[in-house]
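With the hints as constraints, model all of the structure from the sequences given.
Chains as they are written, first to last, in UniProt numbering: chain Y, 1 to 435; chain D, 1 to 260.
If you are wondering where the hints come from, they were derived from the structure by calculation, not from laboratory data.
C-beta: ideal position from N, C-alpha, C; glycine also.
All clues stand as given, with none of them false.
Below are the DSS-like pairs computed for lysine-lysine, each with C-alpha atoms no more than 27 Å apart in a straight line:
1. K214(D) <-> K3(D)
2. K382(Y) <-> K56(D)
3. K214(D) <-> K247(D)
4. K163(Y) <-> K103(Y)
5. K433(Y) <-> K382(Y)
6. K356(Y) <-> K56(D)
7. K121(D) <-> K153(D)
8. K135(Y) <-> K19(Y)
9. K153(D) <-> K382(Y)
Where chain Y lies over chain D, by a calculated footprint (3+ residues, C-beta under 8 Å):
10. 43 to 57
11. 74 to 84
12. 94 to 105
DEER-style ranges, computed between Cβ atoms:
13. M120(D) <-> D76(Y): 30 to 36 Å
14. Q60(Y) <-> M120(D): 51 to 57 Å
15. A238(Y) <-> F72(D): 39 to 45 Å
16. H141(D) <-> D141(Y): 48 to 54 Å
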Amino acid sequence: MTAETKFPVDQNDVTSFSKDRQEPQWLTDLRVSSLDKLEALELPKPDKTNITKWNFTAFQIDPQAQAEGKLDGLTDAMKSFVGKEDSIDALIAQKNGVTTFQKLPDAFEKEGVVFTDIQTAVKEHSDLVQKYFMKDAVSPDENRLTALHAALFHGGTFIYVPKNVEVNIPLQAIYVQEGQIGLFNHVLIVAEANSAVTYIENYVSDGKPQQTVANIIAEVYAADGATVNFGAVDNLAAEVTTYVNRRGYISGQDAKIYWALGQMNDGNTVSENTTYLVGEGSIADTKTVSIGRGKQVQNFTTNIVHYGKHSDGQILKHGVMREEASSIFNGISKIEHGATKANGEQTERVLMLSEKARGDANPILLIDEDDVTAGHAASVGKIDPIQMFYLMSRGISRREAERLIIHGFLAPVVNELPIESVKEQLIQVIERKVY
Amino acid sequence: MTKPSLKVENLHVSIEDKEILKGFGIEVKGGEIHAIMGPNGTGKSTLASALMGHPKYEVTEGQATFNGEDLFEMEVDERARAGLFLAMQYPSEISGVTNADFIRSAINADREEGDEISLMKFIRKMDDKMATLEMDDSFQHRYLNEGFSGGEKKRNEILQLLMLEPKIAILDEIDSGLDIDALKVVAKGINEMRSENFGCLIITHYQRLLNYIKPDFVHVMMQGRIVKSGGPELAERLEAEGYDWVKEELGIEDETVGQD
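What follows is the structure in structure tokens.
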């Protein structure tokens, strides 16, 4: 195991990296202590997928990279996701963790809304970031990859929405990975009481793909009555091994987080999406679609943990496996003792398109309270030859018939996605991934 | 334009190694309506499925040509694009694909890229055909056959027929599960298609559909092949007297092919 953790970074590197960027002392300390803990920690253990042989350390870092790069505009890869510059309301675009484009409405400053890259945030909003950063939603010593993340993260964004402010335009971020530079991205969203915000992120590979790693953590904190819409389309190349951990921590009463995740990476991916429903009447709704192809191995775990009374958690996941792809879809509804009247529902469905594709749906209900409701549905199946016959009997080619069935299979999730632009992006990515 | 033709000779078809069709032959040409009648279990639906290319049925002997081309050398979608249509007894339900999207894909499947049917033209045609079949507009946007009643599925099959305008159509028990009003509507749709460029093979075991769609030829199927043919008067006699006289006349004891 020691060989695997020998990556090209030591304490001095981390310290100087942090100092070069004028990071606050608390963060330098956090980075160094996380690096120290690393070797003692184990890799995360996603249920039913063995990732011990995955190489999470085969990446390079660029110590010279500055948080604030030249704002040289949007690349073509970026534009294909976010559209033209003038059609954008609020966007931060980063390449290998360095901001290359930024557009914010003037109103944000007056309203106290913060939408900035994470490196600027730790300097300009140090106290605010420190209050939440890797605290309740995720901790640096949770596993080896969270520790590695804390030690090395360099890209990402920070969003802060003050009390009673409803941001009525979507905040968009696009993170481009290129070359061998590891993508260590951290997104932190804090929604104060009765605020509302929609955030959409894209992960994209650009240029000639090379073997590297993405280690991504997002944290969302929602206070009383806050609503956060979180949309994502992940689209990293086959060469990128990804650990992505998106966490929600709903401390507030009646607060809500809606997750809409298009998990379309082409490389091996471990994805965890956990929401802690602490506030009474809090709601988490998570919708996930994914398409696997090639020989990629993926594990998608969606986990909703109920502490609050009357909390409601909904999990809906649909996945299509093509070629030799294999994926595990874990859904976990955990209802803690005391979370009376909580409701947890989940559905996982997997469609396999070829003999060599593998998929497994794994619904798990863990309930430590009597007075609750919970339910699950899961199915794993191959494409139905009789359906294919029916479609083809109208002149539709095999390929087009498969395409229709895939779109149809994903439609119950895609059509319900709460963010229109994520829906559109996803339909495009699905189209590209299907053929 | 030459008249379309479907010619089937000495057709033998098996399902899971059990032979169902045993030397079936027929020729259906443009302008003709043929009815195949017969009791349950005589191989009627097997005929329909095998001609369309259903994956479960295996053609073991015999040939079929469609406008002179070897039908069994063609993929299912090629048969359809050549102009063969099967209105199915049990159409599949396909979730997430709307009826309109499906039918438009089917129409465009037979057209070159860049020559797709315009949306306006498609909508007009769809509205028109749905009116003929007295179908509610909502069926355009519902998922293909999902949650449709038996009768709604049958109408939807005929809607596809009217939209795709095939050269030869096989209707597999399109009348089963239809009340008399629905039957009339479906018949109206099919009669609308009647022309020298359209041939039809109607599979049924009731005569009542034939009151509304007048056949030119009536065939009785037993033991996996045609045992008797005639004109419309044959259907009327079968309706009045049943099938026993045919069996008696031909010395057939068990008319079925031992299928369920």
